[in-house]
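Number of protein chains: 2
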Amino acid sequence: MSKVRVHISVSLDGYVAGPNQTQENPLGEGGEGLHDWVVSLKAWREAAGMDGGEENANSPVVRDEYANVGAEIMGRGKFGPATRGPWGDEPWQGWWGDDPPFRKPVFVLTHHQREPLTLADTTFTFVTDGPETALERAKHAAGDKDVFIGGGAETINQFLAAGLVDELELHVVPVVLGGGARLFAGVGPDLKLELLRTVEAPGVTHLKYRVVR
Amino acid sequence: MSKVRVHISVSLDGYVAGPNQTQENPLGEGGEGLHDWVVSLKAWREAAGMDGGEENANSPVVRDEYANVGAEIMGRGKFGPATRGPWGDEPWQGWWGDDPPFRKPVFVLTHHQREPLTLADTTFTFVTDGPETALERAKHAAGDKDVFIGGGAETINQFLAAGLVDELELHVVPVVLGGGARLFAGVGPDLKLELLRTVEAPGVTHLKYRVVR
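Chains as they are written, first to last, in my numbering: chain A, 14 to 226; chain B, 14 to 226.
Pulled out of the complex, with its shape left as it was, chain A reads as follows (with noise of 0.2 Å):
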């Protein structure tokens, strides 16, 4: 059955991006770092049309979070730009070029209505009704595939604080931010998780849950 799924690298003190995210750093001081693990890997490299890059223990989580996914869903600080607000006259395009890697539909959460954007192989359809609205689309998109939350923190705690996620994997880095976007915020002891499976590789630890209804 299709699922809804998120994937995240997250900091040991729990933020998914540091603190002081702006348009020239939108990770924040020290993010990047979150996700060193993974720009490395072939697998990456391969989805984000690149060639070259490593095959180690982190290759199959990789290959397997791309996998059946059949629509994504991010909020508005994914998709950009940093100052978020109204989108003028010559409105941000997102922070991929002309041919963004995700090569499905893409459903941006956002307070400010706009005609869908497609740029190559990919559409981000503006979603200004919310998450359960902006879901009912991405699975219809989707089909018999998966829906993937792409992030950020605000649009995954959403998710999460609401009972629509059916599986979450937390990529576990070593790094301290110190602060952040951080993953649970105004997430109570409603959601219940059971340990799917734990994975050790190169520069983090992998561990997949399945929420518990």
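In short, the hints are calculated from the structure, not lab data.
Heads up, some of the hints might be wrong.
When chains are identical, the list treats them as one kind, so a pair holds in a single copy or across two.
[Stated by the list, open to error] No more than 30 Å apart at the CA atoms, straight line, and that leaves these computed lysine-lysine pairs for BS3-like: (1) Lys55 / Lys205; (2) Lys158 / Lys205; (3) Lys205 / Lys221; (4) Lys117 / Lys55; (5) Lys221 / Lys55; (6) Lys55 / Lys152; (7) Lys152 / Lys117.
Place chain B on chain A using the hints.
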């Protein structure tokens, strides 16, 4: 060589005790759920002077944790009472009755002077001049053995922030507490860690790190 070690159960959202800690509920709301995995173990029950208990993949982790500890440092919050403040005329003797399970020198960080307290095989020494002094005394008492930083969060965070810890083991429990005593509060990116090993076991995942200097 003698090491300074932390081993602590932590919720997925980074708390080592739940919200609203009181004298009746010292672990806060939901906080007992952090310790379910350990209190059923023979290894834990033995150390607490109790019969029975299970053996499972958690047992060697707990035996390793308890082995070779020559002294413990704890904060006033762990020693109690929850009200803290001056000791008064009939001073609090700790939560553990006439035969506390430590059976080694314990150094209690407090702002209020007090003579040492011996209960069966455990002597509590009260230290009013800060973590460095407590550590010096604990190391001296431990000799060749390790010093265990027993908690709570405030004390552990103080030692982590001051760079005084050699090994940190997180027992990651799949509960969300939504608030409480936060591990890593006030600890910044100067703390560099390297994973030593991961153990997946019933009800918990053990992540052990070495502090890199």
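Hints versus structure:
1. Lys55 / Lys205: Classified as between: cross-chain Cα gap 27 Å, same-chain 34 Å, threshold 30 Å.
2. Lys158 / Lys205: Within. Shortest intra-copy distance 24 Å satisfies the 30 Å Cα cut-off; inter-copy 39 Å does not.
3. Lys205 / Lys221: both (13 Å within a copy, 24 Å between copies)
4. Lys117 / Lys55: Within one copy only: 20 Å inside a chain, 52 Å across chains, cut-off 30 Å.
5. Lys221 / Lys55: both (22 Å within a copy, 28 Å between copies)
6. Lys55 / Lys152: within (29 Å within a copy, 47 Å between copies)
7. Lys152 / Lys117: within (12 Å within a copy, 59 Å between copies)
Going down the numbered hints, you'll see the structure goes against none, and every one checks out.
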